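All chains, full assembly: derive it from the sequences and hints.
Number of protein chains: 2
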Amino acid sequence: MSTRYGLHGKLTATEGNRDKLATILLEASKLVSTAKGCQLYMVSIDEADEDAVWVTEAWDSKQDHDNSLQVAGVRELIAQAMPLLAGMPQKGQELQILGGAGIN
Amino acid sequence: MSTRYGLHGKLTATEGNRDKLATILLEASKLVSTAKGCQLYMVSIDEADEDAVWVTEAWDSKQDHDNSLQVAGVRELIAQAMPLLAGMPQKGQELQILGGAGIN
Numbered sequence: 001m002s003t004r005y006g007l008h009g010k011l012t013a014t015e016g017n018r019d020k021l022a023t024i025l026l027e028a029s030k031l032v033s034t035a036k037g038c039q040l041y042m043v044s045i046d047e048a049d050e051d052a053v054w055v056t057e058a059w060d061s062k063q064d065h066d067n068s069l070q071v072a073g074v075r076e077l078i079a080q081a082m083p084l085l086a087g088m089p090q091k092g093q094e095l096q097i098l099g100g101a102g103i104n
Numbered sequence: 001m002s003t004r005y006g007l008h009g010k011l012t013a014t015e016g017n018r019d020k021l022a023t024i025l026l027e028a029s030k031l032v033s034t035a036k037g038c039q040l041y042m043v044s045i046d047e048a049d050e051d052a053v054w055v056t057e058a059w060d061s062k063q064d065h066d067n068s069l070q071v072a073g074v075r076e077l078i079a080q081a082m083p084l085l086a087g088m089p090q091k092g093q094e095l096q097i098l099g100g101a102g103i104n
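Protein chains in written order, with full-length UniProt numbering: chain Y, 1 to 104; chain A, 1 to 104.
Source of the hints: derived by calculation from the structure; they are not laboratory data.
Any given hint could be a false lead.
Claimed, not checked - Computed spacing ranges between beta-carbons, pair by pair: (1) 63/Y / 80/A: 32 to 38 Å; (2) 91/Y / 66/A: 49 to 55 Å; (3) 63/Y / 96/A: 27 to 33 Å.
Since the structure is predicted, the reported quantities are computational estimates derived from the model, not experimental observations.
Just so it is clear, CB atoms sit at the ideal spot from N, CA and C, and this is done for glycine as well.
Next up, the structure:
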């Protein structure tokens with residue numbers, strides 16, 4: 001069965017900066033939405049962790065995900081986000097997506 | 001900002017039954033795809049955990065999610081899945097979805 005590439009990762013903001021970080025990630029979602037192979041780039045918060053923003057992505061392939069870092073404007077948004085982060089982003093959970101509703 | 005309801009949860013199969021469990025969950029995704037408020041019901045596996053299947057859901061509201069258990073056929077699929085599980089399913093991570101690509 002062919003799988004698509006998924007990533008479920010957490011970014012932790014410094015105190016008071018979660019909403020600013022989320023806004024930047026929502027901007028990023030607009031940029032990557034047109035990238036080849038992007039099926040999902042979902043930005044969420046979790047009541048249990050008040051400084052964190054979660055990003056859940058689905059791509060046709062890991063290669064498509066990796067290429068998205070080259071989309072015009074994405075590096076600039078990353079540069080805006082970095083000073084808001086409490087430490088380096090940790091590697092997210094990598095998923096092999098089998099399918100489902102809302103996924104092609 | 002209005003949020004949508006997200007859930008990222010893990011089901012652990014007894015040894016050798018992960019693929020059978022995933023097949024049942026993919027069947028479930030077909031049923032719930034037509035349910036009111038269902039935006040995403042994504043079924044994945046994780047190389048780091050060979051007995052687990054992950055389900056990532058996005059709904060217009062928690063109520064819509066809860067109602068999906070009433071969709072015709074869903075309870076029957078749950079009944080098929082239960083004997084394949086290693087213990088009761090744990091509560092998944094609840095997310096407040098802010099938006100993003102692939103989400104309305």
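Against the structure, the hints come out as follows:
Between residue 63/Y and residue 80/A the CB atoms are about 36 Å apart, so this pair conforms to the stated range of 32 to 38 Å. Take residue 91/Y and residue 66/A: their Cβ atoms lie about 33 Å apart, and the range 49 to 55 Å is violated. In this structure the hint that residue 63/Y and residue 96/A lie 27 to 33 Å apart at CB holds, the actual value being about 31 Å.
In summary, the one numbered hint that this structure violates is 2.
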